[in-house]
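Asker: Chain by chain, the residues:
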Amino acid sequence: MSAAFIFEQLLNSLQLGVMLFVMAAGLTLVFGVMGLINLAHGSLYMVGAFFCAWVAGVSGSFWIGLLAGLAAAAAAGALVEMLVMRRLYDRDHLDQVLATFSLILIFNEGTRWIFGAQPLYLDIPAALATSVPLPGGGGYPIYRLVIIAFGVVTAFALYLLISRTKLGMQIRAGESDREMIGALGVDISTLYTLVFALGALLAGLAGALVGALQSVEVGMGEPVLILAFVVVVIGGIGSIKGALIGAILVGLVDTLGRAFLHQLFALALPPAEANGYGAALSSMSIYLLMAVVLAWRPKGLFPVNA
Amino acid sequence: MKKNLIGLAVAASMAMPAFAQAENVKIGMITTLSGGGSGLGIDIRDGFALAVKQGGGKLGGQDIEVMIEDDARKPDKAKQIADKFIQRDKVDILTGIVWSNLALAVVPSAVKSGVFYISPNAGPSQLAGKLCDENYFNVAWQNDNLHEAMGEYVSSQGLKNAYILAPNYPAGKDALAGFKRFYKGELAGETFTKLGQKDYAAELAAIREAKPDSIFFFLPGGMGIAFMKQLAQSGIEAPVFGPAFSFDQGILGAVGDAALGVKNTSQWSKDLDNAANKVFVADFQKEYGRLPSLYASQGYDAARLIASALATTGGVKDAAAFRKALKAADFESVRGAFKFGPNHHPIQDIYVREVVKEGDVLTNRIVGVGLKNHSDAYASECVM
Amino acid sequence: MPEMRRETLFNAALALLLLALPLGAWLLGESYYVSLGARVAILALAGVGLNLALGFGGMVSFGHAAFFGLGGYAAGVLSHHAFEGSAVLNWPVMLEGSDSTLVLWAAALFLSGVVAAAIGAISLRTSGVYFIMITLAFAQMIFYMAVSLPTYGGEDGLPLYLRSGFAGLDLSDELVFFLVCYGLLLLAILLSFRLVGSRFGAALECARQNETRLGAVGIAPYPVKLTAFVLSAMITGLAGALFVELNGFVSPAMLSWQVSGEIMIFVILGGVGRLYGPIAGAILFIVLETVIGGYTERWQLFLGVILLMVVLFARGGVIGLVAGKARHD
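Protein chains in written order, with my numbering: chain F, 1 to 306; chain S, 1 to 384; chain L, 1 to 329.
Don't read these hints as lab results, they were simulated from the structure. The beta carbon of each residue, even a glycine, is placed where N, CA and C say it ideally should be. Fair warning: there could be bad hints in the mix.
If we take Cβ atoms under 7 Å as the criterion, some of the chain L residues that face chain S in the derived model are [as the list claims (entries may be wrong)]:
1) TRP26
2) GLY29
3) TYR32
4) GLY154
5) GLU155
6) ASP156
7) PRO159
8) ASP170
9) ASN247
10) GLY248
11) SER251
12) GLN300
Label-pair ranges, simulated between beta-carbon atoms [stated by the list, open to error]:
13) L:GLY324 - F:VAL58: 24 to 34 Å
14) S:ASP257 - F:TRP113: 52 to 62 Å
15) L:SER172 - F:VAL58: 51 to 61 Å
16) F:ALA268 - S:SER380: 30 to 40 Å
17) L:LEU27 - S:ALA320: 32 to 42 Å
18) F:TRP113 - L:LEU187: 37 to 47 Å
19) L:PRO223 - F:SER163: 39 to 49 Å
20) S:LYS357 - F:ILE114: 22 to 32 Å
21) L:LEU191 - S:LYS53: 21 to 31 Å
22) L:MET145 - S:LEU260: 36 to 46 Å
23) F:LEU267 - L:ALA118: 38 to 48 Å
24) F:TRP113 - S:LYS357: 27 to 37 Å
25) L:ALA87 - F:GLU273: 38 to 48 Å
26) L:SER172 - S:GLY196: 17 to 27 Å
Please build the complete structure, drawing on both the sequences and the hints.
Answerer: Take a look at the structure:
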């Protein structure tokens, strides 16, 4: 096990963490500002990926596809907010859970109806398909570096939005006291639609970027949904900084677990069993992390309403 | 979805659930038609339906009634539908299940109650060995077969240092076990990934570190698509091998050129040169507007097996005669000659195919044979 | 009060419906509907368990599938070993398989109760959305453990060939099995009723509404909630044991978060915090799934739309729709 290998795995952790952040940032916004549990977040991720794949296939350009994916996800988000979410703000979490769970069913089957049952083709743009040489040999795919860049830019842009713009100020006020900002004359319904659409756009961005690297298929959002919730909860609901740190933590634990746990077990067990146990433990690792964090800090690492 | 005679039969069966029609042979198909993985079930259903259509709405000249329902990949739902088909609708034959865990939930009790089960896909080792049953027939393969054939082929190519991966669940473990059963070289590494995992950066870094001369993987569905794309971007040069499950017609479209040159094993390929296959491929394309996958060929063969048995016996009333006719498997499979082993699994050639481009379309072409007249490793455990 | 009478009448109607339809089907010789009735009763039982924590206790557990599955595995493993004739454990204590129903139920209750005590002890330190997520996390851990460890089949699960029996009753008879499930369901509802009406129930209700005030009266909310959580898990675990006998197999699919979501749906559909809510919810959900599923492979879309309509326009679920808001007296 060389230093180069460890370095590459650390880079992988960072990249996974940053991808998770983009997925989770939208969710934590919606949670924090509107107190909404949105199980359909994974479906918006899927919408972004599918529209990106479709438009990229038709137009031949990944970037046009990406824009289409963002637009579609934001539009879907706005639509969902206006038709469904609006009626759920003063309901309790359970109704939101059931409503957004139904949306998952609707989105999944609807996507299958429109796009068919087979996975769609989406590949990274040719210009980004090469690797950068790593110290110690091997190469790191440029596209993954691009994803890291996207993630960092998104984090920075969100930070600027939240802390330096009027919209951001309203969002922060809404996180602290929803009724008050309404009383102060802010147009709550437009604000909420905007925030929800922004969250959806972020989900769609993640979907398109990640879909090019992985696969675009019906149901791709569910595993991501769970991961995003884990990240948000670890980081603290409503906190963008928390989402970033939580995401990187999760990326580290997951990647390093997959890379090294079975070697740890191999110190004491024969290889086949070490592989099995290592794989088992690494699949549970992020949930263990979340349980440990919550046992220590019941409201996450950086809760907004501490 | 094109309306076909199956659809009419379904509508008819909805309208009259409890009437036992005197001469109709009732066939219940439980398969995955919604959600992720539905592509496989849809292919199986379409292949089966094509054979029925070719028979003029009958199989083997006999009137049939086919009921199809979606199991949504849930074992308890599959069991519930099976119970309904068996208890309420009194089916004679069950078929359709795609996934091994669903098959293990449904088949043992179904065949014990006297219903025949023809598997067009799932072939778990338990049903080939200890839990085999005289009413259970598998027209596709035993789960390990395609991996065994690849193990043999990789060795025959002189490759000695393979890196192998599969997800950490029974089918994945069986895949690697099957590969190792026939592979004679060393292992550069053996990794179990998480079921459903789509990001393989960590595993690819480990592969690069291990410097294998070949890579074998079993990663069905979206997992395989993600892995192939990331492998292509990683700059790792070792040749890639796998079973057809990650390189079937439906998946190739999603992977794109990253799959070119990959070798995969399958008991069927569209370029197999026999009369039945030529008709099948042409008719399938005409009927559905797409090339058939191996799942479609399995659904088609399942229907034609049933047809051949019905043509001999005229019905299912005499179970012993029907069973004998099924065992005889006297039909023109799209694979050519077809025969069952003693545990009702096929003894067949497993081919090696290479992913090529024909015009604009990615597809497979046979380049060799992995194993000839291959049975399976569990036949000896089967006592019928 | 008219609302109370209406709810009681509706509850009675539901209970009778769930009894009458399968009985009628049995008389007509349609045994499929008897086992379908058993399925509804078992899922309703799981919902009654969850309702105790979620509806009456305000603890939104998104991980109840863990208890459903653990109860199932407890019963399933014992049944499997009884069939194979081998022992479950040889050390530190000799534990053999069993095909006696009462033993299976006891094992399911025990395992789900013990694990719930551990999970609850940690989780109840959090609240709100954090509680939802940490219960989900624990359920996921158990799920991945079951999938990854090969001893009991991993993802394939375990097929089970025996139905158990006790006191001369053989559960492989569909009608007997249904009546047993139905009886347990009513028993669980009775237990919930008595609990909710007791001092414990009052403390639980208060803990749900305002923990600080409960503390001010001198009752610590944590033990109250933990007890309710454990009881709720045990009821759901029992449902899991029955489910496994109904299906003849146990698999990690019972532990998935989708199952947690479905149990929540039964409860919410029927009416959160309503005694008979889970029955209404389970009947409605299974009927919808079965009927729509028989017509189209796009059934999940229509099911989603109907569920959405129910949430948006039928506040308080089915029972809320029929009987109005719950009255507390």
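Asker: Against this structure, judge whether each hint is valid.
Answerer: For each hint, the structure was consulted:
1. Taking 7 Å as the C-beta contact cut-off toward chain S, the hint placing L:TRP26 at the interface is violated, the least distance being around 12 Å.
2. Evaluation of the L:GLY29 hint against chain S yields a violated restraint, the C-beta minimum of about 10 Å exceeding 7 Å.
3. A least Cβ separation of about 4 Å between L:TYR32 and chain S falls short of the 7 Å threshold, and the interface hint therefore holds.
4. At about 5 Å, the closest approach between the beta carbon of L:GLY154 and any beta carbon in chain S falls short of 7 Å, and the interface hint on this residue holds.
5. This hint holds: L:GLU155 has a C-beta 4 Å from the nearest C-beta of chain S, less than the 7 Å allowed.
6. Hint status for L:ASP156 relative to chain S: holds, with the closest Cβ pair at about 5 Å, below 7 Å.
7. Given the 7 Å rule on beta carbons, the hint for L:PRO159 holds: about 5 Å separates it from the nearest Cβ of chain S.
8. Annotation: L:ASP170 was flagged as interfacial toward chain S, and the flag is violated, the nearest CB pair being 16 Å apart, outside 7 Å.
9. About 5 Å separates the beta-carbon of L:ASN247 from the nearest beta-carbon of chain S, less than 7 Å, and the hint is met.
10. A cut of 7 Å between beta carbons decides the hint on L:GLY248: the least distance to chain S is about 5 Å, and the hint holds.
11. Residue-level restraint check for L:SER251 holds (minimum Cβ-Cβ distance to chain S is 5 Å; threshold 7 Å).
12. A distance limit of 7 Å between C-beta atoms decides the matter here; for L:GLN300 the minimum to chain S is near 6 Å, and the interface restraint holds.
13. The beta-carbon spacing between L:GLY324 and F:VAL58, approximately 54 Å, falls outside the hinted interval of 24 to 34 Å.
14. Under the hint 52 to 62 Å, the C-beta atoms of S:ASP257 and F:TRP113, about 29 Å apart, miss the expected range.
15. A C-beta distance of roughly 58 Å is found between L:SER172 and F:VAL58, which places it inside the suggested range of 51 to 61 Å.
16. Against the hinted window of 30 to 40 Å, the Cβ-Cβ separation of F:ALA268 and S:SER380 comes to about 35 Å, which satisfies the hint.
17. For the pair L:LEU27 and S:ALA320, the supplied restraint of 32 to 42 Å holds, since their beta-carbon distance comes to about 34 Å.
18. Hint check: F:TRP113 to L:LEU187, Cβ distance near 44 Å, so the stated range 37 to 47 Å holds.
19. For L:PRO223 and F:SER163, the hinted distance range of 39 to 49 Å is satisfied, since their beta carbons lie about 43 Å from each other.
20. Against the hinted window of 22 to 32 Å, the Cβ-Cβ separation of S:LYS357 and F:ILE114 comes to about 28 Å, which satisfies the hint.
21. For the hinted restraint 21 to 31 Å between L:LEU191 and S:LYS53, the CB-CB distance of approximately 57 Å leaves it violated.
22. A beta carbon spacing of about 40 Å between L:MET145 and S:LEU260 agrees with the range 36 to 46 Å that was offered as a hint.
23. The hinted window of 38 to 48 Å between F:LEU267 and L:ALA118 is violated, with their beta carbons roughly 29 Å apart.
24. Distance hint check: the CB atoms of F:TRP113 and S:LYS357 are about 30 Å apart, consistent with the given range 27 to 37 Å.
25. Taken as a hint, the range 38 to 48 Å is violated for the pair L:ALA87 and F:GLU273, whose Cβ atoms sit roughly 22 Å apart.
26. The given range of 17 to 27 Å is broken by L:SER172 and S:GLY196, whose C-beta atoms sit roughly 36 Å from each other.
Hints 1, 2, 8, 13, 14, 21, 23, 25, 26, counting from the list given before, are not met by this structure.
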